[in-house]
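J.: Spelled out from the first residue to the last, the chains are:
Number of protein chains: 4
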Amino acid sequence: MTIEGRDDARGRRIRLGMVGGGQGAFIGAVHRMAARIDDRFDLVAGALSSTPEKAKASAAEIGLDPARSYGSYEEMARAEKERPDGIEAVAIVTPNHMHYPVARTFLEAGYHVICDKPVTTTLADAKDLAEIVRRSGKAFVLTHNYTGYPMIRQARAMCAAGDLGDIRIVQAHYIQDFLATKVEDAGSKQAAWRVDPSKSGAGGTIGDIGTHAFNLASFVTGLELDSLACELTSFGEGRSLDDNAQMLLRFRERNGVAAKGTLWASQVAVGHENTLALTVIGTKAGLTWQQEEPNRLWFTRLGEPKQLLTRGGAGANAAAGRVTRIPAGHPEGYLEGFATIYAEAAELIAATDEGRAPPEGLGTVTIEDGVTGMAFIEACVRSARDDGAWTRL
Amino acid sequence: MTIEGRDDARGRRIRLGMVGGGQGAFIGAVHRMAARIDDRFDLVAGALSSTPEKAKASAAEIGLDPARSYGSYEEMARAEKERPDGIEAVAIVTPNHMHYPVARTFLEAGYHVICDKPVTTTLADAKDLAEIVRRSGKAFVLTHNYTGYPMIRQARAMCAAGDLGDIRIVQAHYIQDFLATKVEDAGSKQAAWRVDPSKSGAGGTIGDIGTHAFNLASFVTGLELDSLACELTSFGEGRSLDDNAQMLLRFRERNGVAAKGTLWASQVAVGHENTLALTVIGTKAGLTWQQEEPNRLWFTRLGEPKQLLTRGGAGANAAAGRVTRIPAGHPEGYLEGFATIYAEAAELIAATDEGRAPPEGLGTVTIEDGVTGMAFIEACVRSARDDGAWTRL
Amino acid sequence: MTIEGRDDARGRRIRLGMVGGGQGAFIGAVHRMAARIDDRFDLVAGALSSTPEKAKASAAEIGLDPARSYGSYEEMARAEKERPDGIEAVAIVTPNHMHYPVARTFLEAGYHVICDKPVTTTLADAKDLAEIVRRSGKAFVLTHNYTGYPMIRQARAMCAAGDLGDIRIVQAHYIQDFLATKVEDAGSKQAAWRVDPSKSGAGGTIGDIGTHAFNLASFVTGLELDSLACELTSFGEGRSLDDNAQMLLRFRERNGVAAKGTLWASQVAVGHENTLALTVIGTKAGLTWQQEEPNRLWFTRLGEPKQLLTRGGAGANAAAGRVTRIPAGHPEGYLEGFATIYAEAAELIAATDEGRAPPEGLGTVTIEDGVTGMAFIEACVRSARDDGAWTRL
Amino acid sequence: MTIEGRDDARGRRIRLGMVGGGQGAFIGAVHRMAARIDDRFDLVAGALSSTPEKAKASAAEIGLDPARSYGSYEEMARAEKERPDGIEAVAIVTPNHMHYPVARTFLEAGYHVICDKPVTTTLADAKDLAEIVRRSGKAFVLTHNYTGYPMIRQARAMCAAGDLGDIRIVQAHYIQDFLATKVEDAGSKQAAWRVDPSKSGAGGTIGDIGTHAFNLASFVTGLELDSLACELTSFGEGRSLDDNAQMLLRFRERNGVAAKGTLWASQVAVGHENTLALTVIGTKAGLTWQQEEPNRLWFTRLGEPKQLLTRGGAGANAAAGRVTRIPAGHPEGYLEGFATIYAEAAELIAATDEGRAPPEGLGTVTIEDGVTGMAFIEACVRSARDDGAWTRL
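Line order of the protein sequences matches chains Y, G, A and R.
The numbering of the first sequence is full-length UniProt numbering, which starts it at 1 and goes up by one.
The numbering of the second sequence is full-length UniProt numbering, which starts it at 1 and goes up by one.
The numbering of the third sequence is full-length UniProt numbering, which starts it at 1 and goes up by one.
The numbering of the fourth sequence is full-length UniProt numbering, which starts it at 1 and goes up by one.
In case anyone wonders, no lab produced these hints; they're calculated from the structure.
Wrong hints could be hidden among the right ones.
Which copy is meant is left open, so a pair is good if it fits within one copy or across any two.
[As the list claims (entries may be wrong)] Below, a list of computed lysine-lysine pairs in the DSS-like style, where the Cα atoms sit at most 25 angstroms apart:
{"hint": "1", "residue 1": "Lys189", "residue 2": "Lys56"}
{"hint": "2", "residue 1": "Lys54", "residue 2": "Lys81"}
{"hint": "3", "residue 1": "Lys284", "residue 2": "Lys189"}
{"hint": "4", "residue 1": "Lys127", "residue 2": "Lys56"}
{"hint": "5", "residue 1": "Lys199", "residue 2": "Lys189"}
{"hint": "6", "residue 1": "Lys182", "residue 2": "Lys284"}
{"hint": "7", "residue 1": "Lys284", "residue 2": "Lys199"}
{"hint": "8", "residue 1": "Lys189", "residue 2": "Lys81"}
{"hint": "9", "residue 1": "Lys127", "residue 2": "Lys199"}
{"hint": "10", "residue 1": "Lys56", "residue 2": "Lys199"}
{"hint": "11", "residue 1": "Lys127", "residue 2": "Lys182"}
{"hint": "12", "residue 1": "Lys199", "residue 2": "Lys54"}
{"hint": "13", "residue 1": "Lys54", "residue 2": "Lys127"}
Bound-form chain Y, shown alone (with noise of 0.2 angstroms):
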């Protein structure tokens, strides 16, 4: 990566800690993949599972100190606190309900953190959340990963250069199959926690997935939400959380313009993987992305033929040759997007403890973020509830 120009080297690296994903966690081997890819971080302890033979087993298994295999996430932020090579960050990679208190208790000892999506269960723990990191002083970084990759990081470049003139249309789906039979009946731990409120929150396939595409559309547009109507659906027999979601949006004005949308997210829509998509159409020109394609970006100028934009191509701008690793047509995929997540951690945690400000152009989502993804929750859970009405988020 060519962070600060210099290509696989990195400054200092970071110690860090993790908290979930044990055997049988997608997450966790993701972000200790992700972590790897750019070298600037060396995971040395764990509490990787709350239940202790696990964390052991978990742990032993990725060649973790067993020394520094702990049996709770507590225990673990005390414990490392009392050792010179103590770790430095924690990455929190558990079901939702736990990265509140999880997040709280390390940035109240004094550790960075690294959490992955959403960032709590209710908007009020996000909000309570985002006081204890402003007092904290440490850094904060919220993993949503699909904000990684390269072209994404083009087209927010491109709206923000006016390259599409006034954003008209902001239109998003994300839409995966995961639930479409009742698989958590089937013993898949995956879907278990994700359609139990008391783990997941108020939302489901809208906090699982529907978040994402929300963030993504913001982080690319820079446009804020104002309001949304939204029709939450359980297909599920029996499912107390929703499998789909569908909404309209308002954005607020930007330049005399009020951008309008959809959202739709879905885990019952069969036939599709992972397919996150973003369309944005302004006054100049329109583009599109999708995830399963990550390493292109349609691109179109009002009057002007269609471009195909690259990763590493010809069109490509200095916000994507900023995170990428290796030329157009070698693709990068999903982990590399995520690993920029975790190289971005390391330059702002390494800027936040040298009490300067971070390089520029770093894309991280902060808590501030956060919240706004919990507020985003709520209203649709609210707009559902209330027959469709707008919401204000």
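Given chain Y's structure and the hints, the job is docking chains G, A and R onto it.
T.: Coordinates of chains G, A and R only, in the frame set by chain Y:
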């Protein structure tokens, strides 16, 4: 085309007149080419323009007998009755506001009618026209031409056969960038009448192309729309009609499942030429079709690999085959889809004249569909005025 | 079509006869539909089959006057001369071996000829026919229909204008899976004559579709083929003609650069319906086109983003526009491309009859191109017999 | 990665040194990122550049212990032997001409070797090296990294299982536009050595990327190439090595069928970034894969609909699953494919050290494959010099 098992062989040829479609009118030429492909019609008379000299010049250009080029549609309706070789059917290809009076005149004079969409400019007129059609005993065909594509017939037959299981989700969009700027102020005749409520009716984009998307979704799924929550926007400064429409959809329950959807129609979507896309997702499978690649249909059964079905190809069903002219890999396009509307109109007209049921499998869009389309437009307008309240058709 | 700036208006209509194209013959119906689209021909006579009853039945099916359905092409050539309203041109849509005698007969009788490809079954016959055409003073059109696609015209004009710089590489393939099994033994009439040297000539797949690929590459680039090194294979057991052809190409120098290429034609390519693809690469830019997505042309200038040019779209040039009927995003297909061959044949015939030069920009494939095509087939066969030695055309 | 059923858990970690890969060298950073992803290697020593200061600076940048940054590879080979924690394996990422001497040195000193391709600059050297590998008893891994893509493993397993029937056709191309202009004269270090026979060997593009295409075709189909007829061209003025290669291929008979093919490699293909494509066609089915969309594999059985198989998706087989890290729809890219080469190298090294057979299903490209690759390059050069005569490997 293999209608009735015959190659390009055709039964009785129908003598056709045309109202509208003079010089510079896009859709008139389309109807004429479409009518020729399968050789079931002879265009022998016309009232091609309300401007007499233009009517005459247009008729000369397309080789009409000058004696049968009329200065007004009323005159044509009268005069052709006097001829032994007079027209049997009329094609109405005027701006929207003329559909009703012209259709009424010809139906009441005993002609069959092929009419462009939307059927009228008000729901009341549409209902009135439906009554006139019923009384007339004549064939009435609404040219929602996208229903003529073979892969749309395939998709419809698959939905009807239960290949998708119970339908849960219907997503449709129809987007263009024709009105991204104020082309109506720059001399575009095509734009001028479309943004004028006195010629278009109460719907702008929603009437011009939103109706196509709605009709297509209904045609393919067979579902009835219960209600919608709509946001209409006029991005073009000073436009009185919508140029962008986004809405949520609730369909009526079928087999205990009430499908949900969104529909987006836009004529300010920079970067999109004529993108009409439909995604239907059921409990067992999902499908996606896009008009700019009409010979392809994506189809995925739950838990099986994605299939790309092709017109004429291995997975094509009988409903697609029935309206297929040439082998797989030899693309059929927009005109062929439109030609199918005409070929089936000929079948319907012949059957009507002979007092027999039309052949099974005709996909004709009827006056009742036209009424539903007008109800759709009016519901959109009402919902939008009522700040997006759920509104029944 | 905008030929000569007129909508679907047409000048003089041409009275047409057809030889071949009876029941069950795919290509006859294609020619008829193509001839109708732009309304420049009246099909009024036919010798549709060498089997008299079939000729009669076929004529009835397509509505020919029984008096003008002939039992042999010779009879048609004679009888139509006697009529004041006799045909002016003939379309030859028989198997290959009949092209020469039929074309000769009609040319010598003073008719214009529209002939399917390849023009004859031997190079000697083709040269002979070229002489006959010259002597006759009549129009001769070879229906290499793929040259009729607007984006092919666009590509050709771009090559001619130097948009690609000096051409270095020409890659073409035309692949189908029609003959993957021994369908000729299973009753396929279409297959039977294609694998029979007495009807196809010395080339199997190379003659049937390889000539299309070669013609298209020549048509677009304007380059002359110098020599080729060819491998012909008959994968189908016992087939005497090739069903797969692969070859290296050397083009004649232009501006000091001699382009190189490969060409692959196959009818055993399982998974491919009718994939005719052309890639041309020059010093300044490269382009790619594929027949199954005919409305699109990929074009990339060195060091610039990839462009997807669309028929009727922002980047379409005058050469494409000249043969474009309907707006961007409304797909034209195979029949429309074929129709352009007919529309231009009408232009050529009218100009020939009037003793004037045809309008500029016609893309007609001539008898000389037909001779080159036969030279190509014979060079392939010679090279293959000579173990792939480089062989001049 | 699910190698051996473990998540990102890894067995023994291997201590690794690197030769080459200093500042500005693209492929060195790639090897390092790839080696980190699955956490099986510790890069602890390096001779990163033949220029001492650059070696030192490069080592500092990537955080190597300065004491283990060596001025020459010979020194590293000696010095590391003296350390109890010395390296166990070396990665060779130099220009081609250094592969042989470095590999020889390290093998003879008792290290395992991971070497970039092509294995040497002459066939004689390759054969010599093969003998050295055999004598050494050490693991030797050639990083034909494209073999690491899951869908390539899928395709290989399908060919092996007979899913395609008997293979008839193998088409491969690998095209870039890196050398479209004389960038070697404009300061490109990457270009300079590639066009220099003293560093690249006798093949230019054919050695640099043609070998990848050939290796991939062999890897997937399991077929042995019998002979080829090759045309090499240097379009860049004054280049002594080829920058474009086109050839015909004859494979050895298997089950009575001798497959045919073409291969095109080019580095002047304007508009193409890194397009490595493979099409394999058998009697029962055909498949196509393209490196720029590596998570997809098109597969069509004769007479059935086209399937788009996806990494991790419904149709993925065990061979693909074995090297898959993350779920369907979360794209893996070039680095992940490369990481698989490293992960499997770790498996092979561990097995070699323990004197046991490596786990089943490893896809390691061996020194024997390297010898075949050099035979391929030399056959291309010989055939081209002999005006394209069929030449045996």
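J.: Against each hint, give a clear statement of whether it holds in the structure.
T.: A quick look at each hint next to the structure:
1. For the homomeric pair Lys189 and Lys56, the shortest alpha-carbon distance inside one copy (20 angstroms) is at most 25 angstroms, but the shortest distance between copies (49 angstroms) is not.
2. In this homomeric assembly, Lys54 and Lys81 come within 25 angstroms of each other (Cα to Cα) only inside a single copy, at 24 angstroms, whereas the closest approach across copies is 39 angstroms.
3. Taking the closest pair of Cα atoms, Lys284 and Lys189 come within 25 angstroms of each other only across two copies (23 angstroms); inside a single copy the shortest separation is 47 angstroms, beyond that limit.
4. Taking identical chains as interchangeable, the C-alpha atoms of Lys127 and Lys56 are never at most 25 angstroms apart, the minima being 34 angstroms within one chain and 49 angstroms between chains.
5. For the homomeric pair Lys199 and Lys189, the shortest alpha-carbon distance inside one copy (12 angstroms) is at most 25 angstroms, but the shortest distance between copies (55 angstroms) is not.
6. Taking CA atoms no more than 25 angstroms apart as the test, Lys182 paired with Lys284 passes between copies only; the shortest distance there is 13 angstroms, against 45 angstroms inside one copy.
7. Taking the shortest Cα distances, Lys284 and Lys199 never come within 25 angstroms of each other, neither inside one copy (44 angstroms) nor across copies (29 angstroms).
8. Proximity of Lys189 and Lys81 under a CA criterion of 25 angstroms is satisfied in neither setting, with 33 angstroms inside one chain copy and 48 angstroms between copies.
9. Taking the shortest alpha-carbon separations for Lys127 and Lys199, only the intra-copy value of 19 angstroms comes in at or below 25 angstroms, while the best inter-copy value is 53 angstroms.
10. When the C-alpha separation of Lys56 and Lys199 is checked against a cutoff of 25 angstroms, the pair qualifies only within one copy, where the shortest distance is 23 angstroms, while the shortest distance between copies is 51 angstroms.
11. For the homomeric pair Lys127 and Lys182, neither the shortest alpha-carbon distance inside one copy (34 angstroms) nor that between copies (45 angstroms) is at most 25 angstroms.
12. Proximity of Lys199 to Lys54 under the C-alpha cut-off of 25 angstroms is restricted to the intra-copy arrangement: shortest distance 20 angstroms within a copy versus 53 angstroms between copies.
13. Proximity of Lys54 to Lys127 under the C-alpha cut-off of 25 angstroms is found in neither arrangement, the shortest distances being 33 angstroms within a copy and 50 angstroms between copies.
Checked against the numbered hints given earlier, the structure breaks hints 4, 7, 8, 11, 13 and satisfies all the rest.
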